[in-house]
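> Keeping their order, the protein sequence lines are chains A, B, C and D.
Each residue of the first sequence is one higher than the one before, starting from 511 at the first, in the working numbering.
Each residue of the second sequence is one higher than the one before, starting from 511 at the first, in the working numbering.
Each residue of the third sequence is one higher than the one before, starting from 511 at the first, in the working numbering.
Each residue of the fourth sequence is one higher than the one before, starting from 511 at the first, in the working numbering.
It should be emphasised that the hints constitute simulated quantities derived from the structure, not laboratory data.
Honestly, I wouldn't trust all of these hints.
Identical copies go unnamed one by one, so any copy, or any two together, can satisfy a pair.
Heads up, simulated SDA-like pairs for lysine to any residue below, C-alpha to C-alpha not over 25 Å straight-line [said to hold, decoys possible]:
no. : residue 1 : residue 2
1   : Lys536    : Leu623
2   : Lys655    : Trp586
3   : Lys657    : Gly679
4   : Lys657    : Phe683
5   : Lys655    : Trp594
6   : Lys513    : Leu574
7   : Lys536    : Phe590
8   : Lys657    : Asp640
9   : Lys655    : Met687
10  : Lys536    : Gln549
11  : Lys655    : Glu607
There are 4 protein chains.
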Amino acid sequence: MHKGRLEAFSDGVLAIILTIMVLEIKVPHGDTFAALAPQLPRFLSYVLSFVYVGIYWNNHHHMLSSTNRVNGRILWANLFLLFWLSLTPFASGWMGENHFAPNTMALYGFILLMAGLAYWILKNAIVAQDGTNSVLAYAVGRDLKGKSSPVLYGLGIVASFWNTWVAGGIYVFIALMWLVPDSRIERTLEEQKPK
Amino acid sequence: MHKGRLEAFSDGVLAIILTIMVLEIKVPHGDTFAALAPQLPRFLSYVLSFVYVGIYWNNHHHMLSSTNRVNGRILWANLFLLFWLSLTPFASGWMGENHFAPNTMALYGFILLMAGLAYWILKNAIVAQDGTNSVLAYAVGRDLKGKSSPVLYGLGIVASFWNTWVAGGIYVFIALMWLVPDSRIERTLEEQKPK
Amino acid sequence: MHKGRLEAFSDGVLAIILTIMVLEIKVPHGDTFAALAPQLPRFLSYVLSFVYVGIYWNNHHHMLSSTNRVNGRILWANLFLLFWLSLTPFASGWMGENHFAPNTMALYGFILLMAGLAYWILKNAIVAQDGTNSVLAYAVGRDLKGKSSPVLYGLGIVASFWNTWVAGGIYVFIALMWLVPDSRIERTLEEQKPK
Amino acid sequence: MHKGRLEAFSDGVLAIILTIMVLEIKVPHGDTFAALAPQLPRFLSYVLSFVYVGIYWNNHHHMLSSTNRVNGRILWANLFLLFWLSLTPFASGWMGENHFAPNTMALYGFILLMAGLAYWILKNAIVAQDGTNSVLAYAVGRDLKGKSSPVLYGLGIVASFWNTWVAGGIYVFIALMWLVPDSRIERTLEEQKPK
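With the hints as constraints, model all of the structure from the sequences given.
Structure (structure tokens):
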């Protein structure tokens with residue numbers, strides 16, 4: 511099967527997740543800037559979640575560009591990833607609504623952890639199809655970022671109950687770590703394509 | 511007519527259905543896990559519906575990959591399928607809101623039954639266009655899953671008024687039965703393509 | 511410019527219009543079928559609007575398949591069409607909410623009239639680009655359906671204030687008239703393509 | 511990397527932004543035209559925002575059509591643009607809800623200013639990749655519209671606190687200025703392609 515529809519469908523779901531998250535920022539009834547202030551936590555929560563979904567789209571884009579065909583296992587691994595990402599608006603909304611309270615930050619971290627896990631499963635499904643000599647297998651190599659993320663999410667979840675600023679710092683740090691697109695794949699693809 | 515836009519449009523509608531269903535899970539006002547608990551039935555309802563829409567996307571993907579052109583009859587059969595699937599968020603939300611009460615489970619089963627019927631009409635429209643010697647006609651063969659599903663949905667609807675656990679079990683069973691992508695089509699396509 | 515992105519963007523907007531209309535049917539709090547009953551007008555309104563948006567998607571699909579390139583005038587004519595169609599969920603929701611009251615049916619007819627007008631402008635923009643010898647110009651020929659629709663919408667709007675059943679009948683009749691995809695274009699395309 | 515998915519994803523996000531803005535126009539409970547009247551400011555706000563998002567889609571379409579490949583910097587510049595545009599429904603809703611009050615118009619102008627800035631960053635990222643001899647670099651030339659827009663948005667923001675009619679006039683003027691698609695790019699592309 512060609513990967514075209516998988517990409518199109520994932521793009522659609524990610525685009526909608528990104529856009530409905532903005533609906534969590536409620537239009538205030540007053541027309542003063544003071545009336546806007548209570549929306550600030552929701553706005554900050556939206557910014558963080560926008561960056562996370564943007565990172566997933568970006569890396570999904572890279573990962574899929576290294577393969578051509580998709581099998582049933584990849585289709586379902588991809589849906590499993592979209593499932594966890596689709597819960598981001600809920601977790602993000604709850605966190606913003608409650609001003610980054612401990613429980614809400616722990617749930618947010620848990621959703622991110624599960625999305626990270628699903629991404630890892632998807633990566634393995636692609637490598638399993640293309641073989642360990644494939645572009646992707648070669649490119650991800652030791653995969654330090656992939657291996658450290660679940661540990662960091664776990665730390666973030668634990669830290670939520672202790673100090674929410676530390677938890678928030680960890681989530682921001684992971685985002686920054688991933689913000690750099692997966693240049694390993696980009697470089698490897700570059701080298702392999704004669705163009 | 512080429513099938514590209516039919517696929518793109520269906521992907522769009524299915525992606526949106528998948529994503530707006532998550533809006534049925536309301537962000538609670540409290541920040542305790544206890545405040546989350548009342549959302550559990552809505553969450554379970556979301557998981558089941560996510561899997562169903564995922565299955566439809568998956569099999570739609572397979573079915574369309576076996577044909578190249580679409581005629582007016584196929585376009586409308588496809589819209590008829592999208593219509594019933596578009597009612598899934600409503601039925602799913604009603605079921606979750608009311609903790610899987612009998613009537614809500616019966617309606618949920620009815621929507622699934624109609625979507626299954628529409629899928630069957632779409633399949634026939636494609637076979638009618640491509641001829642009984644086509645890849646699809648050959649692949650679906652006796653079509654046990656397709657023939658047993660309406661009977662099972664019917665049983666689920668009746669069971670809703672008797673024991674909602676049985677009805678839920680039937681709906682989960684049908685989902686699991688379909689989770690395996692239509693390997694008949696995949697295999698037949700594989701055999702026919704020299705690649 | 512290639513028409514690919516115009517089609518993709520229009521598909522996206524139409525898919526979302528179709529799907530957010532279902533949000534107008536509110537999930538009732540009770541779990542009885544009696545609790546569902548008040549949603550019936552909203553459901554009927556949704557069915558009619560779904561069919562109309564489906565017709566526009568279908569004919570848009572046909573019309574664009576007869577051309578290859580798009581210029582700035584076509585881009586904006588297309589956005590003008592999408593603007594009026596994007597008001598369908600509002601008009602449809604108002605009509606359903608108020609049980610097909612006269613004013614609401616008149617507004618609904620007005621939105622449809624403007625969408626029809628926009629479609630006609632788009633058709634002319636394409637013919638202007640491709641020349642009067644183009645496939646589309648030849649195919650639409652005398653264009654009876656296109657010319658009678660505005661008159662019928664006008665009748666529907668007037669009838670709304672007199673007898674809403676008559677107005678509803680007119681809107682349903684126009685939908686049925688268009689349900690048949692534009693076989694003129696399909697046939698002409700068929701004849702011109704050697705395949 | 512090919513630009514296909516960047517375009518598809520942007521189309522998805524822009525299509526959703528366009529369509530969820532219509533949700534800010536609330537369906538009134540009464541069935542009289544008088545009940546519709548309070549929605550008029552929201553409707554006007556929707557029209558202006560629809561035109562702005564339409565302009566961005568149009569020019570995005572043009573700008574991307576002048577390049578073939580995208581790098582990581584372009585991907586993130588594009589996401590930065592989509593971020594600011596995704597806030598349009600919020601700013602537009604707040605402005606409509608409060609009948610174009612000064613603060614709301616200033617925020618609206620600020621969001622447009624940031625979107626304009628992001629568009630400029632994206633343009634530079636593409637020129638940086640393709641070189642100053644590229645089609646885009648040549649086409650945008652002195653870029654009068656691009657350079658005057660931020661000044662005009664700034665004037666609009668300041669004017670909001672003095673006279674909201676002037677601010678509104680400035681926003682409408684900028685929209686009209688951009689409504690003409692970027693014919694410079696179109697013309698340059700035309701000249702370069704032998705077709």
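> Are the hints correct? Go through all of them and say.
Status of the hints after comparison with the structure:
| no. | hint | in the structure |
| --- | --- | --- |
| 1 | Lys536 - Leu623 | between (27 Å within a copy, 22 Å between copies) |
| 2 | Lys655 - Trp586 | both (24 Å within a copy, 19 Å between copies) |
| 3 | Lys657 - Gly679 | within (19 Å within a copy, 38 Å between copies) |
| 4 | Lys657 - Phe683 | within (15 Å within a copy, 35 Å between copies) |
| 5 | Lys655 - Trp594 | within (20 Å within a copy, 29 Å between copies) |
| 6 | Lys513 - Leu574 | both (8 Å within a copy, 14 Å between copies) |
| 7 | Lys536 - Phe590 | between (29 Å within a copy, 22 Å between copies) |
| 8 | Lys657 - Asp640 | within (21 Å within a copy, 35 Å between copies) |
| 9 | Lys655 - Met687 | within (8 Å within a copy, 37 Å between copies) |
| 10 | Lys536 - Gln549 | both (7 Å within a copy, 18 Å between copies) |
| 11 | Lys655 - Glu607 | neither (31 Å within a copy, 40 Å between copies) |
Consistency with the previously given hints fails for number 11 only.
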